[in-house]
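Chain order of the listed sequences is A and B. Just so we're aligned: the first sequence equals residues 1 to 508 in this note's numbering. Just so we're aligned: the second sequence equals residues 1 to 508 in this note's numbering.
Rather than coming from a laboratory, the hints here were simulated on the basis of the structure. Some hints here could point you the wrong way.
Which copy is meant is left open, so a pair is good if it fits within one copy or across any two.
Stated by the list, open to error - Heads up, simulated EDC-like pairs for lysine to aspartate or glutamate below, C-alpha to C-alpha not over 16 Å straight-line:
hint, residue 1, residue 2
1, K3, D389
2, K348, E388
3, K391, E446
4, K189, E111
5, K345, D310
6, K89, E116
7, K447, E313
8, K234, E488
9, K457, E500
10, K471, D55
11, K113, E156
12, K3, D26
13, K255, D393
14, K345, D141
15, K457, E213
16, K457, E180
17, K89, E468
18, K102, E116
None of the values given here were measured: they were computed from a predicted structure.
There are 2 protein chains.
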Amino acid sequence: MIKHALSVTREQDFAAWYQSVIAEADLAEESGVRGCMVIRPWGYGIWERIQRLLDDRIKATGHENCYFPLFIPLSYFEKEAEHVDGFAKEMAVVTHHRLIQKDGRLVPDPEAKLEEPLVVRPTSETVIGAAFSRWVQSWRDLPVLINQWANVVRWEMRTRMFLRTTEFLWQEGHTAHASEAEAREETLKMLEVYREFAETCLAMPVVAGEKPENERFPGAVATYSIEAMMQDGKALQAGTSHFLGTTFSSAQDIKFQNANGELELAQTTSWGVSTRMIGGVIMVHGDDDGLRVPPRIAPWQIVIVPMLRDNDEDAALIDYCKALQADLAKLSALGEPVRALLDLKPAKAATKRWGWVKKGAPIVVEVGGRDMAGGNVSVIRRDRLYREDGKLDSAVVAKGDFAGGAAAMLEEIQAALHDQARARLDANIRRDVMDFAALEAAFAGEKPGWVEVNWSKPAAADLDKVAERLKALKLTFRNVPEGAAPAEGACIFTGAPAVERILVARAY
Amino acid sequence: MIKHALSVTREQDFAAWYQSVIAEADLAEESGVRGCMVIRPWGYGIWERIQRLLDDRIKATGHENCYFPLFIPLSYFEKEAEHVDGFAKEMAVVTHHRLIQKDGRLVPDPEAKLEEPLVVRPTSETVIGAAFSRWVQSWRDLPVLINQWANVVRWEMRTRMFLRTTEFLWQEGHTAHASEAEAREETLKMLEVYREFAETCLAMPVVAGEKPENERFPGAVATYSIEAMMQDGKALQAGTSHFLGTTFSSAQDIKFQNANGELELAQTTSWGVSTRMIGGVIMVHGDDDGLRVPPRIAPWQIVIVPMLRDNDEDAALIDYCKALQADLAKLSALGEPVRALLDLKPAKAATKRWGWVKKGAPIVVEVGGRDMAGGNVSVIRRDRLYREDGKLDSAVVAKGDFAGGAAAMLEEIQAALHDQARARLDANIRRDVMDFAALEAAFAGEKPGWVEVNWSKPAAADLDKVAERLKALKLTFRNVPEGAAPAEGACIFTGAPAVERILVARAY
Numbered sequence: 001m002i003k004h005a006l007s008v009t010r011e012q013d014f015a016a017w018y019q020s021v022i023a024e025a026d027l028a029e030e031s032g033v034r035g036c037m038v039i040r041p042w043g044y045g046i047w048e049r050i051q052r053l054l055d056d057r058i059k060a061t062g063h064e065n066c067y068f069p070l071f072i073p074l075s076y077f078e079k080e081a082e083h084v085d086g087f088a089k090e091m092a093v094v095t096h097h098r099l100i101q102k103d104g105r106l107v108p109d110p111e112a113k114l115e116e117p118l119v120v121r122p123t124s125e126t127v128i129g130a131a132f133s134r135w136v137q138s139w140r141d142l143p144v145l146i147n148q149w150a151n152v153v154r155w156e157m158r159t160r161m162f163l164r165t166t167e168f169l170w171q172e173g174h175t176a177h178a179s180e181a182e183a184r185e186e187t188l189k190m191l192e193v194y195r196e197f198a199e200t201c202l203a204m205p206v207v208a209g210e211k212p213e214n215e216r217f218p219g220a221v222a223t224y225s226i227e228a229m230m231q232d233g234k235a236l237q238a239g240t241s242h243f244l245g246t247t248f249s250s251a252q253d254i255k256f257q258n259a260n261g262e263l264e265l266a267q268t269t270s271w272g273v274s275t276r277m278i279g280g281v282i283m284v285h286g287d288d289d290g291l292r293v294p295p296r297i298a299p300w301q302i303v304i305v306p307m308l309r310d311n312d313e314d315a316a317l318i319d320y321c322k323a324l325q326a327d328l329a330k331l332s333a334l335g336e337p338v339r340a341l342l343d344l345k346p347a348k349a350a351t352k353r354w355g356w357v358k359k360g361a362p363i364v365v366e367v368g369g370r371d372m373a374g375g376n377v378s379v380i381r382r383d384r385l386y387r388e389d390g391k392l393d394s395a396v397v398a399k400g401d402f403a404g405g406a407a408a409m410l411e412e413i414q415a416a417l418h419d420q421a422r423a424r425l426d427a428n429i430r431r432d433v434m435d436f437a438a439l440e441a442a443f444a445g446e447k448p449g450w451v452e453v454n455w456s457k458p459a460a461a462d463l464d465k466v467a468e469r470l471k472a473l474k475l476t477f478r479n480v481p482e483g484a485a486p487a488e489g490a491c492i493f494t495g496a497p498a499v500e501r502i503l504v505a506r507a508y
Numbered sequence: 001m002i003k004h005a006l007s008v009t010r011e012q013d014f015a016a017w018y019q020s021v022i023a024e025a026d027l028a029e030e031s032g033v034r035g036c037m038v039i040r041p042w043g044y045g046i047w048e049r050i051q052r053l054l055d056d057r058i059k060a061t062g063h064e065n066c067y068f069p070l071f072i073p074l075s076y077f078e079k080e081a082e083h084v085d086g087f088a089k090e091m092a093v094v095t096h097h098r099l100i101q102k103d104g105r106l107v108p109d110p111e112a113k114l115e116e117p118l119v120v121r122p123t124s125e126t127v128i129g130a131a132f133s134r135w136v137q138s139w140r141d142l143p144v145l146i147n148q149w150a151n152v153v154r155w156e157m158r159t160r161m162f163l164r165t166t167e168f169l170w171q172e173g174h175t176a177h178a179s180e181a182e183a184r185e186e187t188l189k190m191l192e193v194y195r196e197f198a199e200t201c202l203a204m205p206v207v208a209g210e211k212p213e214n215e216r217f218p219g220a221v222a223t224y225s226i227e228a229m230m231q232d233g234k235a236l237q238a239g240t241s242h243f244l245g246t247t248f249s250s251a252q253d254i255k256f257q258n259a260n261g262e263l264e265l266a267q268t269t270s271w272g273v274s275t276r277m278i279g280g281v282i283m284v285h286g287d288d289d290g291l292r293v294p295p296r297i298a299p300w301q302i303v304i305v306p307m308l309r310d311n312d313e314d315a316a317l318i319d320y321c322k323a324l325q326a327d328l329a330k331l332s333a334l335g336e337p338v339r340a341l342l343d344l345k346p347a348k349a350a351t352k353r354w355g356w357v358k359k360g361a362p363i364v365v366e367v368g369g370r371d372m373a374g375g376n377v378s379v380i381r382r383d384r385l386y387r388e389d390g391k392l393d394s395a396v397v398a399k400g401d402f403a404g405g406a407a408a409m410l411e412e413i414q415a416a417l418h419d420q421a422r423a424r425l426d427a428n429i430r431r432d433v434m435d436f437a438a439l440e441a442a443f444a445g446e447k448p449g450w451v452e453v454n455w456s457k458p459a460a461a462d463l464d465k466v467a468e469r470l471k472a473l474k475l476t477f478r479n480v481p482e483g484a485a486p487a488e489g490a491c492i493f494t495g496a497p498a499v500e501r502i503l504v505a506r507a508y
């Protein structure tokens, strides 16, 4: 039996396994500040890769980055009732701007109470809408296509690292358009950017589609999401794109003169993904030895570990490894220069090996004196860690051969991780559930996956009733998949004629 | 007489000119949130370039990026008295985590008052120190070399865009070391990184040196700065590096077992630069036509403006410009691919030309029908905007010749901006002031520049007295320049024997 690197396996306790990967891969840790985490270098390095690759796509589709204030005056929220209802329960509020000493303790200075409290942004539609109203006068000023990378705060009662934290990092795109058609096109364009990004860069296939009314962003006319399947069968909403219609343009007075000289309200959109994606990467690609990072988002794709012995041979061994690192740095894989690290930290080689396995570096190259003598290196591929006999699969290959094939190997690993996740997603969506009892039965077992059913798209109170029934089973609607088969027969919830097919799942 | 693009010149009113550049170059604007600005795409694009180039240097010197919480519990600050004294007067305090409706208004919910108020980070020594105390156990864990890019908040009473805003963006490096010597070396290494970065990338020569005791960061044993000279002769502190000794390691309990098995306190450092640097770039390189952005940090280095006429020739003109853009994109200048934009926005060509002049794009290329017919382009260099006769210097050159020389032209512009700033700095530091009356006289005129004087380095109350005398003249100590001549004679403040030379200036 394989002795894995983690003390808890996915089978034993998925939630504990998740926490264990985060700790053992040095991704993040509790900060001592309620609900806020410290993102450690390996976790933050993955976020930097995500930022770089997604930012390229956001810019390639014509958007520019800006930066808007962290603080939003309460009065901005009061302008849009539905929006504030959706967020008021979970906002951090700044009420004072100075501290004083009192009885030996620091306390907010009563003399420095703000006249109007400030909210720490949970999202920026209101403050960006106010800017849009200044920027947009004429149809010539449209579209406005902007994005920001920022931290936001939502006061969550139950937090879980990366998935739901009080503070998190994200990007939020905000656009304004002259017509509804153009704004709807933008909403779907960015949904597709997210889908392609998740699939290509995170090796995480997703289902893109429209959320039902009860799952819409507060203030949105339509909300779309990408949903990824975790290894426990649950869904993770990994990105959303909203068509906001004129909700915010009427609240914030974003008006323009059209070509006929008439005043119109602009049509706006917003869309975002966050550090939550890293939680998705962990639960899609992690295994019982830790994380497996897809090469495109790995801060280091190849880690070279020299087996140093604190003796005279070390210098030659380090030179040998440096030469390999230099050869690798000349390569290009997946459209970018290869990122290879030489790990010279003072620790035992075996400790370092397992450290990098747990972190999920795609390729770990160990080099000992015997390897060097033979002109070789020992190569561990993170996507194929063990041989059939359960032993660690460390292959001795000629150094030149390894360097010559390293780029292709990284591309293979990226594809392999994607294909495994794709197969899992495809195998775990049931489409044969034709009534509510069957739905209940489908979710009675372990790791139930997702179920796609026919429904009649009830609205308002009728929809709430259906959502309540699902909630009793700890289920939610995920989305109406793009490209799903046409609905047929009766809605499994209402019995009325079905109009589309919708995904039901347990979710994070 | 030249009719400049801005309505106010540097000579007329430097402060109004500064605001005018920010507005006319679309760098930033007031947000409606007290003391917070909106950084617009051109301003944020400059910040992204600064981030990219500085981040490369921070990583090349062995540091890794992380992310720490925005919120810091009050109790963390209480551990370090000097530090909290330095910041308590200007901190935003979160006291509630929910809003409710009351009399039709949103108010903080009294039921959701935090037991311990949270401070919005003004800087992160305390929360990062707490993490270091978890991370550091043995000498093998040292050094810890980390950095974060983040927003911070200091509740400033008088704000000025980029220079002093309630919220600003920065990077803060934090390191822990086993020995004082190594921590001091790190402090100076990062000071040098900042000096070289300012000089090379911002084309902004600076004076690096140690701050006197009264200008130290709260809690630091030694503070170093880089100081840049603005065109009005004032100094701008553009970056700081602090040796913190054991101030924070004793407050936060950052201890390690040394090689002999004994427990020691770690020695820490911190260092940062912020969006303030953009204010420096404006005041060093701006002129009466707006900003001039050094090519290394220009979001777009070359902007191509086709002179469209809404007729049949437009398509051919756009193709001609696209071909040029493609040729330019193949070039490398200043070590990176050239960044060339084709501006197809619906506006008059002259409006676009002056827009890009005001924004400070290094090269603006206009292409009209006549240019195209002759195989030419019309080139405007932002560093040489006018001919001797006062007319705009737009040079008609063969398209191929322009593309062939564009990389060299960008390098020339980078060097020219640097050399102008260097000459100004060198010409405006007086070193012949030998007594206080002469100092007073030196600062009596307009645009007085800086004065470097002999001083005896008084401490504590004696230093405060000197600082008070300077303050009455609106002067401050800047730093003791690295590589200054040896002190000689008497201190101009105390009459005691001088021990070093120090810079005195008006400052932002």
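Hints, verified against the model:
For a Cα distance limit of 16 Å, the shortest separation of K3 from D389 inside one copy, 12 Å, qualifies, whereas the shortest one across copies, 82 Å, does not. Taking identical chains as interchangeable, the C-alpha atoms of K348 and E388 are never at most 16 Å apart, the minima being 27 Å within one chain and 70 Å between chains. For a Cα distance limit of 16 Å, the shortest separation of K391 from E446 qualifies neither inside one copy, at 30 Å, nor across copies, at 79 Å. For the identical chains of this complex, K189 and E111 are neighbours neither inside a copy (50 Å) nor across copies (43 Å), given an alpha-carbon limit of 16 Å.
Proximity of K345 and D310 under a CA criterion of 16 Å is satisfied intra-copy only: 12 Å inside one chain copy versus 64 Å between copies. For the homomeric pair K89 and E116, neither the shortest alpha-carbon distance inside one copy (18 Å) nor that between copies (19 Å) is at most 16 Å. Proximity of K447 to E313 under the C-alpha cut-off of 16 Å is found in neither arrangement, the shortest distances being 52 Å within a copy and 63 Å between copies. In this assembly of identical chains, K234 and E488 lie within 16 Å of each other by CA distance neither inside one copy nor across copies; the values are 26 Å within and 75 Å between.
Only within a single protomer do K457 and E500 lie at most 16 Å apart by alpha-carbon distance; the minimum there is 7 Å, versus 80 Å between protomers. Neither within a single protomer nor between protomers do K471 and D55 lie at most 16 Å apart by alpha-carbon distance, with minima of 36 Å and 47 Å respectively. With identical chains, the CA atoms of K113 and E156 are at most 16 Å apart between copies only, with a shortest distance of 15 Å across copies and 25 Å within one. For a Cα distance limit of 16 Å, the shortest separation of K3 from D26 qualifies neither inside one copy, at 21 Å, nor across copies, at 60 Å.
Taking the shortest alpha-carbon separations for K255 and D393, neither the intra-copy value of 64 Å nor the inter-copy value of 40 Å comes in at or below 16 Å. Proximity of K345 and D141 under a CA criterion of 16 Å is satisfied inter-copy only: 9 Å between copies versus 54 Å inside one chain copy. Only within a single protomer do K457 and E213 lie at most 16 Å apart by alpha-carbon distance; the minimum there is 9 Å, versus 70 Å between protomers. In this assembly of identical chains, the alpha carbons of K457 and E180 never lie at most 16 Å apart, being 23 Å within a copy and 68 Å across copies at closest.
Neither within a single protomer nor between protomers do K89 and E468 lie at most 16 Å apart by alpha-carbon distance, with minima of 21 Å and 50 Å respectively. Within a single copy, K102 and E116 get their C-alpha atoms only as close as 24 Å, which misses the 16 Å cut-off; across copies the closest is 14 Å, which meets it.
Checked against the numbered hints above, the structure breaks hints 2, 3, 4, 6, 7, 8, 10, 12, 13, 16 and 17 and satisfies the rest.
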